[in-house]
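Q: Respectively, the protein sequence lines represent chains C and X. Count the first sequence with our numbering and you get residues 11 to 276, in order. Count the second sequence with our numbering and you get residues 14 to 276, in order.
To be clear, the hints were calculated from the coordinates, so they are not data collected in a lab.
Cut-off 20 Å, straight-line C-alpha distance, at most; resulting in silico cross-link-like pairs (DMTMM-like, lysine to aspartate or glutamate):
#1 C/K196 - X/E195
#2 C/K96 - X/D100
#3 C/K96 - C/D186
#4 C/K268 - C/D186
#5 C/K268 - C/D97
#6 C/K270 - C/D186
#7 X/K97 - C/D33
#8 C/K109 - C/E93
#9 C/K217 - C/D236
Quick caveat, the model's predicted, so the values are computed rather than measured.
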Amino acid sequence: MKEIRLAIKIVKTLIKDRMQYPDRLFVDTTGVIARCGVLLILYGYVYKLNNGTIGGTTFLFAAWSIFFYFSFSVLRLRDISREIMKDVQTGNVEVLFGKPISYLSYRMWWQFGSSLYSFVIITILAVIALIFIIGLPPTMTVGIFIPTLILTFICGTVLSLFLYAIVGLLAFWIEDINPVFWIVDKAVMILGGSYLPVALFPTSMYKIALYSPFGAAKFITHTVYDTWQTNWYQLIGLQLFWIILLGMIIYFMFAQAKQKVSVNGG
Amino acid sequence: MKELNFALYAIKKNIQSSAELRTSFLMNIIGMSINNVAFIILWVFFVKSVGIIGGWTAADIIGLQGFVATCYGIVFSAGAGIRKLADYTASGAFDRFMLSPKNLLVRIATSSFGVSALGDLFFGIVCLGIYAFIVHAAIYQILLIILLVFTSVIVFLSAAIVIYSTSFLLTDASSAAGGLFELFLTPSLFHGGAFQGIMRFIFTFALPSLLIGALPVEIVRDVSLDKLLLVIVLAIFWFVFSINIFNRAIKKYESTNFMTFGS
Numbered sequence: 011m012k013e014i015r016l017a018i019k020i021v022k023t024l025i026k027d028r029m030q031y032p033d034r035l036f037v038d039t040t041g042v043i044a045r046c047g048v049l050l051i052l053y054g055y056v057y058k059l060n061n062g063t064i065g066g067t068t069f070l071f072a073a074w075s076i077f078f079y080f081s082f083s084v085l086r087l088r089d090i091s092r093e094i095m096k097d098v099q100t101g102n103v104e105v106l107f108g109k110p111i112s113y114l115s116y117r118m119w120w121q122f123g124s125s126l127y128s129f130v131i132i133t134i135l136a137v138i139a140l141i142f143i144i145g146l147p148p149t150m151t152v153g154i155f156i157p158t159l160i161l162t163f164i165c166g167t168v169l170s171l172f173l174y175a176i177v178g179l180l181a182f183w184i185e186d187i188n189p190v191f192w193i194v195d196k197a198v199m200i201l202g203g204s205y206l207p208v209a210l211f212p213t214s215m216y217k218i219a220l221y222s223p224f225g226a227a228k229f230i231t232h233t234v235y236d237t238w239q240t241n242w243y244q245l246i247g248l249q250l251f252w253i254i255l256l257g258m259i260i261y262f263m264f265a266q267a268k269q270k271v272s273v274n275g276g
Numbered sequence: 014m015k016e017l018n019f020a021l022y023a024i025k026k027n028i029q030s031s032a033e034l035r036t037s038f039l040m041n042i043i044g045m046s047i048n049n050v051a052f053i054i055l056w057v058f059f060v061k062s063v064g065i066i067g068g069w070t071a072a073d074i075i076g077l078q079g080f081v082a083t084c085y086g087i088v089f090s091a092g093a094g095i096r097k098l099a100d101y102t103a104s105g106a107f108d109r110f111m112l113s114p115k116n117l118l119v120r121i122a123t124s125s126f127g128v129s130a131l132g133d134l135f136f137g138i139v140c141l142g143i144y145a146f147i148v149h150a151a152i153y154q155i156l157l158i159i160l161l162v163f164t165s166v167i168v169f170l171s172a173a174i175v176i177y178s179t180s181f182l183l184t185d186a187s188s189a190a191g192g193l194f195e196l197f198l199t200p201s202l203f204h205g206g207a208f209q210g211i212m213r214f215i216f217t218f219a220l221p222s223l224l225i226g227a228l229p230v231e232i233v234r235d236v237s238l239d240k241l242l243l244v245i246v247l248a249i250f251w252f253v254f255s256i257n258i259f260n261r262a263i264k265k266y267e268s269t270n271f272m273t274f275g276s
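Based on the provided sequences and hints, a complete structural model is requested.
A: As structure tokens, then:
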């Protein structure tokens with residue numbers, strides 16, 4: 011109960027802060043326009059050149075899949091790695107360890123709350139714009155779509171936080187986690203279906219995306235395709251498997267990390 | 014000449030300082046190089062999936078990444094201070110640069126060193142080498158690559174100066190400058206052949222994203238003198254424009270006069 015109260019307090023405080031200082035909203039909006047907006051215009055042109063179909067997929071499906079990737083990225087869950095590294099490098103971790111809260115839980119809720127405002131605003135506006143400009147694919151109007159979308163969104167959020175928290179925890183052992191972060195981040199970018207929608211993946215790459223935590227963190231990009239209606243439970247099952255596995259890794263890593271910290275008091 | 018000597022001295026000292034943490038220094042360079050491979054993988058798969066668009070093949074993608082990474086690496090390794098301009102002005106740290114007898118822009122640019130950008134530079138050079146090898150570049154094409162790296166660096170530097178000069182115009186410009194820079198850089202990494210019509214016009218003339226990668230690749234591939242002339246003229250324009258904007262923007266700066274005690 012105490013944990014939930016703390017989580018709600020963190021998220022509410024951060025949303026109020028972001029509403030007061032909307033500069034992050036500006037950055038996120040330009041980021042989505044620069045990446046997703048330009049990319050969708052280019053894909054529109056490319057699909058037109060290929061008579062509207064590439065690899066059996068139309069622009070409508072590819073566009074929504076790409077949009078889901080970039081919309082999810084607005085949450086900036088990956089930044090948890092650098093926040094943990096910053097805590098370790100500045101010694102802030104010592105202060106946070108001394109408080110009666112779970113450090114990792116605090117960091118994860120903080121990360122989730124810090125971009126939630128931008129995420130909600132940008133997603134709502136972009137969804138409306140996309141519906142008007144390109145329309146909705148039929149797969150997004152079936153009854154199962156919304157519940158499974160929410161489910162895979164929650165699992166993807168938890169999985170992303172776990173994945174990047176593991177990278178962040180490496181800061182207790184190595185002085186600079188950035189090189190590891192870049193590699194993990196790019197693996198998520200490639201296998202998540204960012205610039206290349208999952209429907210256009212070659213078979214081998216699709217299998218890697220399916221069975222690795224990097225691709226599983228962005229299974230939300232799979233929800234727009236026909237296949238989702240038959241294999242959603244398998245994909246969500248895979249997400250749950252990775253959540254349990256990475257959760258166990260975090261648990262053991264954090265236990266080891268705590269032993270490396272000496273809190274001196276003040 | 015005196016300013017150039019100062020810049021080289023500052024860069025040398027910055028490298029020596031960064032290299033003190035040897036493991037971190039090397040890991041940053043290697044990590045960034047591996048990181049950049051992701052873009053090649055993505056766009057090569059894109060070419061395989063959608064076929065050749067605008068005459069662009071997988072080799073051209075390697076060339077594109079090579080040009081962009083090289084100019085990014087050169088500008089943001091030696092001149093990483095430009096990216097900190099927003100922080101300098103917001104925190105009042107910019108005052109110390111104004112008091113320096115050296116050229117202000119050179120002093121700001123060389124005030125910081127980007128270790129990871131060395132990884133970009135290394136990656137870019139390797140990509141350009143591979144590109145030249147794949148397309149069986151003749152001597153004049155290799156000379157064109159060298160010339161175009163030079164123009165790309167000028168355009169990239171100019172764009173960075175213009176974008177980060179907004180730091181003098183806004184109260185806390187860090188976010189705005191970051192957003193604008195992303196708007197400039199991200200399209201430069203996209204498949205150049207997919208930019209046609211109005212999009213090509215916008216990202217050539219309004220935002221010079223295509224000038225640093227896509228157009229240089231097309232010039233080397235097609236040996237297009239028209240495009241070469243266009244890139245050179247636009248590079249000169251952007252450089253003069255950026256210096257002008259910087260000098261005008263700097264007049265808007267007001268010292269924050271921090272009342273600090275001790276440090």
